[in-house]
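Undergrad: Residue numbers (the numbering used here), protein chains in the order written: chain A, 1392 to 2061; chain B, 1392 to 2061; chain C, 1392 to 2061.
Hints in this document: simulated from the structure, not taken from any laboratory.
Just so we're clear, the structure is a prediction, and the values are computed from it rather than from any experiment.
Any given hint could turn out to be false.
Identical copies look the same in the list; a pair holds intra-copy or inter-copy alike.
Calculated cross-link-like contacts (lysine-lysine; reagent style DSS-like; alpha-carbon spacing at most 25 Å) [what the hints assert, rightly or not]:
1. 1491 / 1481
2. 1481 / 1558
3. 1491 / 1771
4. 2030 / 1784
5. 1507 / 1604
Each chain, written out:
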Amino acid sequence: MRAMDKILYGVAYYDEYMPYDRLDADIAMMKKAGINLVRIAESTWSTLEPQEGIFDFYHIDRVLKAMTDAGIYVIIGTPTYAVPSWMVLKHPDIMVTTEKGRSLYGARQIMDITNKSYLFYCERIIQKLIEHVAAHPAVIGYQIDNETKHYGTASPEIQREFLGYLKKKFHNDVEEMNREFGFNYWSNAIHSWEDFPDVRGTINGSLAGEYEKFQRELVTKFLAWQSDLVREYKRKDQFITHNFDFEWRGSSYGVQPDVNHFHAVTCLDVAGCDIYHPSQGKLTGAEVAFGGDLTRSLKRNNYYVLETQAQGFPEWTPYDGQLRLLAFSHLASGADLVEYWHWHSLHNACETYWKGLLSHDFAENQTYQEAITIGRDFQKLGESLIHLKKENKIAILVSNESLTALKRFPFTGGITYNDVVRWLYDALYEMNYECDFISPEYTCFSKYQAIIMPAFYCAPEETLIRLKEYVREGGVLVGTFKSCFANENVKVYHNTQPHILRECFGVSYDQFTVAEEVGLVGEYCKVEDRELVNGFMECLRVESGNEILSYVHENWGQYAAAVINSYGNGTGVYLGCMFSKKLLKKVLQNIMDKANIIQNAGSDGFPVIVRSGTNTQGKRIDYLFNYSGEKQSAWCPQKRCQELLSGKMLQEKDLIVIPKWGVIILEEVL
Amino acid sequence: MRAMDKILYGVAYYDEYMPYDRLDADIAMMKKAGINLVRIAESTWSTLEPQEGIFDFYHIDRVLKAMTDAGIYVIIGTPTYAVPSWMVLKHPDIMVTTEKGRSLYGARQIMDITNKSYLFYCERIIQKLIEHVAAHPAVIGYQIDNETKHYGTASPEIQREFLGYLKKKFHNDVEEMNREFGFNYWSNAIHSWEDFPDVRGTINGSLAGEYEKFQRELVTKFLAWQSDLVREYKRKDQFITHNFDFEWRGSSYGVQPDVNHFHAVTCLDVAGCDIYHPSQGKLTGAEVAFGGDLTRSLKRNNYYVLETQAQGFPEWTPYDGQLRLLAFSHLASGADLVEYWHWHSLHNACETYWKGLLSHDFAENQTYQEAITIGRDFQKLGESLIHLKKENKIAILVSNESLTALKRFPFTGGITYNDVVRWLYDALYEMNYECDFISPEYTCFSKYQAIIMPAFYCAPEETLIRLKEYVREGGVLVGTFKSCFANENVKVYHNTQPHILRECFGVSYDQFTVAEEVGLVGEYCKVEDRELVNGFMECLRVESGNEILSYVHENWGQYAAAVINSYGNGTGVYLGCMFSKKLLKKVLQNIMDKANIIQNAGSDGFPVIVRSGTNTQGKRIDYLFNYSGEKQSAWCPQKRCQELLSGKMLQEKDLIVIPKWGVIILEEVL
Amino acid sequence: MRAMDKILYGVAYYDEYMPYDRLDADIAMMKKAGINLVRIAESTWSTLEPQEGIFDFYHIDRVLKAMTDAGIYVIIGTPTYAVPSWMVLKHPDIMVTTEKGRSLYGARQIMDITNKSYLFYCERIIQKLIEHVAAHPAVIGYQIDNETKHYGTASPEIQREFLGYLKKKFHNDVEEMNREFGFNYWSNAIHSWEDFPDVRGTINGSLAGEYEKFQRELVTKFLAWQSDLVREYKRKDQFITHNFDFEWRGSSYGVQPDVNHFHAVTCLDVAGCDIYHPSQGKLTGAEVAFGGDLTRSLKRNNYYVLETQAQGFPEWTPYDGQLRLLAFSHLASGADLVEYWHWHSLHNACETYWKGLLSHDFAENQTYQEAITIGRDFQKLGESLIHLKKENKIAILVSNESLTALKRFPFTGGITYNDVVRWLYDALYEMNYECDFISPEYTCFSKYQAIIMPAFYCAPEETLIRLKEYVREGGVLVGTFKSCFANENVKVYHNTQPHILRECFGVSYDQFTVAEEVGLVGEYCKVEDRELVNGFMECLRVESGNEILSYVHENWGQYAAAVINSYGNGTGVYLGCMFSKKLLKKVLQNIMDKANIIQNAGSDGFPVIVRSGTNTQGKRIDYLFNYSGEKQSAWCPQKRCQELLSGKMLQEKDLIVIPKWGVIILEEVL
């Protein structure tokens, strides 16, 4: 069997970081835990190239040999996201220059990824490394760089490149730029390209948004360039992946602001990501599902979780059962690899308290004990669980441009783009509706029965026209406040809002405000429920369709808060403000019911989450997860199936009791 | 009739910012709303001088022509508060250098207003512009620059100028400076002028205060210089004004720290300002009254509100009735012009969500609808309402120097100078006592029956002597804690506090502290009212007069908190600490009663505010405002008068019902 | 009698800062208050050397003369902690360069104490000054510099010196450094010394910790160098001291992060410090005791309080009785000098509101009145109270290295090293257990019956072995969480924790977490007491000994929270987490009872604090302090003694009533 057709259970392994020679001992512990993959070499450039042009593959070679002997697969990471000090001392301009000036050496991810000296060294180390390892039988694939971003690069050189980019965008017509970006404001207009100022000081949201878009494409280009380099040397059967990450709020939270994942993924064979999430009493599975759904959507295929926490931060040390619950949660979203960062806890530097599977003493701690059961079950059930496929009926439309623009033009009250995305995603997740993610450039809207469009602020007309067509032909479109407001250049549309989709949603508005104790009332919500608007709100006028929610307020009571409208063969729903997730779930359930979109069966929703798909044998797989510290009841959602862990056979509606932090896996019996 | 003898109702208008040609459509909408003035050109330098030395008055010309045709007056703003990028690329030192280094290009108000290159370009654009427009009949006046400040300028050049200023101040005697500023402390003394260090690092409050005073005078000089330039070209019948603004706390709050308005106003024909204020449920009218009273006091004459919000920030979108209430509130303080910033909401850049009278779609929104009624009533009632004059009996003494010093030596608990000013002002405002503002240099104290002196920390002996004389001759002086403490050089007086006014107030103290649960008791305040001291408190000993308030505390109970004292023919009142506005109102009412100073009649105070004056026909005008969302009762304060909006005749004590957020205007019938 | 054999009662005096000639008037007031010492010259360099190489001892001379005439002793401070501006203008690199770049001139303590130009000027002014004053009879000693620290110095020059230091530490073997500091992580390894990067950007906790240790030794060297300079010129009978200070949290709080007091003290004759503390209702005496115990421990001898507050910040203005209570509190810890910073309140600069004994008006305020009583009693009782000696049975082991490391690897919840130190110290203080402080290098552990070891994170093996031996031989060792975790290079130990002391404490653990509502239960603590873990907690497994506290939690209930264990002839106690001080006191009392360690008798603990010692006549002295605003009862702890202030004789168990904020002093009658 190909390595890629097994469930891969891995760890990031750093022979270089060990306080003493642990290789044999570690491998024995890995084997005991069923670990069948390690990722190595990532971020170890100063070990691989200790002096300029001198290469040392000692650690690589000994680990590869030992892993081959042990039958453990290896992913080789290119080491480029942390640079050696000799390189920076020789070429100080390798350090990224941002709004705050030039970075000091020390951390990772502080170089200018467009700097020519950096690229020269990158190219050489990648070539040397891949050439050295490509033929090795244990090596099944490559991770290029790690969590790559643009690091805010704004050196004079890159700004010059940006100027060229703008000239091209505006057909060399500086006045077109002035108009489109509104540069006349505050005397920002330029009338000759050489007057273009340092972009770091700009107060113009259009220019700032364009620069961030440009910066994101630097990441796309850099990864494509690395991918091409690796591809020259790698074997055909070896894959290329990358470890994408998400907006970080102390844990993985939302759409990544600094990378366009949909663009950057094109150079990869397999999409990959890392997912770090709250744990203990705060574990809900939402981040695992969110990150998984998003990463799966990138190539519309299975993906790799290249990093996730074993113990992680001290406040994340998992309760008994949680590590196991999480491992299967990843598979349930379509992951084919679950890899811990990292094998052992570090004894020095700065991530000493981001603990690995092993603690600092390398003993068999409680978490490792649980990993043993996971490895065993992955091995046992691998054939049934690998390559899980999904055909979701709902898509969430996400937009890097909107995220960026709303950083500059925030909702009042500290709410951000990703809060709106997660508000909707989490409601669906808790209701057991699974979904994909799509970008504004996605062209097959009709594949979905419903599209959810959170705060689609920077909305190109082209996309809006296609969305309108989608509804006319029968689609359900759920939009929110702050959607369709500006174009792709963060220029606000100057006709009635919501632009283009006004008839589709059956609403218009020309004023909005921020709620001070504004209530909500409607079909699913009585005045005495005391549901309140959360922050920003649009003063909607209903032009067709039905008011779902109205405002309760001395002055704003005259306006609608949410409207549902028939348009063509489809339905438009517009939510003019944010409110409790509880009420949102009622609203969404109603919409889904009308549209005849059925959620995964088996539970009444969170904390029992049901995730579903089809395995390589064409059988339906249902995962039932209990994300709580109390045992929970559920029922069998399939006609006839087998509970894979126990082997028990079940029939539809059979009662299922899931222990606290437990998981049940059902495989269809055909 | 002269334009200046009509009530002007205006908007800031930017043809340059329009997403498409709106001029005719906009003018039609302005006419419909009774708008009879626009301010243009302000901040559009990059449009007016697209390349160095190339001038383009396209937008000016077309707007002037269209406005003339429509009978709409025009104020021309000099465009100098936002610089074009070509200028900065050529002369990087135009960007202001502050404590944080040199600014990056992008925002407005980031230039060094003393930089010679900047001044060269300013002079040229002003001359070209004014020369170009001066003869135009629609142009009735000029606004020089906008919200000018010193922007923290601290370049080596300006510091050299400051050194010259210090030499002059100290008669070239460096030891005099050492003594007066206390430079021996921490080895800061210099014994030769060339040893004068970079002022940006100073820890000396006297030097820092002097530097800020010097910086404020840079603003005075800059405006005077612009005024002289404009005056060379303008017609005699055209006025010069400037848009002053106030300490900003998300809205206009208090005395402007960075400009000495009393000094800077001398070069103007008409004082002007912008006032932005909380709205919706937080609208009280206090900021409109405060800003108006202060600006009216500058030239002791009517003034222009050159900017105020129409919709403003999303959280400010006015409730029905509020825009109208506010328009008349400005007139009631003596404004002759009410101008919105701005006509239309911007589609790009950074103030996209500071919404104008029109929303982004240019439709007739709810706020615009209300503006129509204002324009109509301004036109109808203009003759009665224009040039309202006041003869206030109370003055509040404000001091830039005290404000600056108390930034360095703050009250504990985050209270600042302007908090004390507003504590007293707002109490008077809510009691329907109107007042003027005066500076320490003001010489006609006897014009007022009472002077209120909040935290007059930096008090020149000369002023204190005049204040003492004022009381001896019959005036009422209400002083607070932290008054008369230091001289104009922020040197603490070294004899018994309060300096010079000790006998006038009948108190002295040599200790102070910060209250931890210290109560207050007195004639208007029982122990069981649980009135508490708010922060800083002085341990007053009564030397003559009567204790109004005493402290309630195990240790501080031995001291007085507030004292009233007869001195000569007058009265001194000293408040040793801050406390609730409710208690303050009782204290003030008592003082005013004793001094026989009567507030405006017609209501029992906030939320019904009465503002009063005399119109050009010598008739008394009373405005009764209801700053609440409930209808309120009031009574007719005049013998015989006409309610101007309804035409109804009223007699003294007649009941008046004011609708929520409503206004009643009464004109005396002689 | 030698000056040093009297109780010294002093003030910092600055003739240089006076607004007018006050010398005679001040001396008269000092005499009235019994003040017998002034510290002068400190921080007045710009007065002493007004221009480069020109010296002016005018103020020194006149003050020395006047003090001699008045019989007041003088300490001369070297003026070097605030530099004149001429020096910095000539040698800009005297200003310290830190992570944030080079400082601006203005404040004190902003120079690079290793800069050669600075040292040149220091040497000259010290030589000139000491030569000038040494023979003067009033001068009894010298304070070198003031509150010296390294000010974050990180200039290229000092980094080069650091590189030399590292080469020496690692025997010129760069790979040894890579291994010990874990530099392979994130590609930080260097393989040639010239690749060593700017240390300011490092993310490596070992390197950062080593750099801070190196910086602390710069302070040690600088003070030793100054001491040597002074020693060349001073008379034999004159002492050298220094004013150490503590971690600052708006008042003196804990172990000083930037100086190793145990090292720096070696060049001094007498240890000195300043202690500033909360006052009024927040006065507990804990800071006075903490700072005193720590400073007394440095030379294991009496010490000088070179600065403490008279009035201090406005919120510190003492209640009646508190100044007096505090003066005796210092003596009770072993101070021989109590000196106020400062005589008079400053009229300019930045510490205007750090008020001295006199207010700005130089009048006899309430605080000064109280000082008169102190001076009188110091004089009267001096012979009994001077040179108080203590033989404490408990020592607290403190570690600069642990403090530094835990800044980089903080406990979750904002708790820091010094919080743990104070948690334990304050509990002992409130229970009337007195203690000394020791460093990890201290070699006579057996002097103590118990050693308390708060968060001894960076624990050299050598010290741990000695501690183990200490317990085996009968000592009581109380350790906490985060102890024995890493070595002196902040490298985490890679075997079972707690390293080396596992058998001594009878516990081990390999996981830890952060408590979310984790309860505690045990012998002194029922579940219903609802005692909760505060933040970080270790999951202890008991290997021998008895569980004192267990966790109450669904997942963590399986682990112990605190354990007591017999080991050899001694006892190890390990506290795995932090909890309330109330519970800690119960735990500690129990440990002390078992170990037969008796606290000072006379009260049931705070707010009545008993501090004890032996005077020069070999008589026991007991101080009983009432740190509260209510009178308190205590009892006579001695067989037979005299109450020194009243002269009354007392016998054991006699009732003693202490007035609010009062003090009782008992001298043994032999």
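Undergrad: Any hints this thing doesn't respect? Which numbers, in order?
TA: 3
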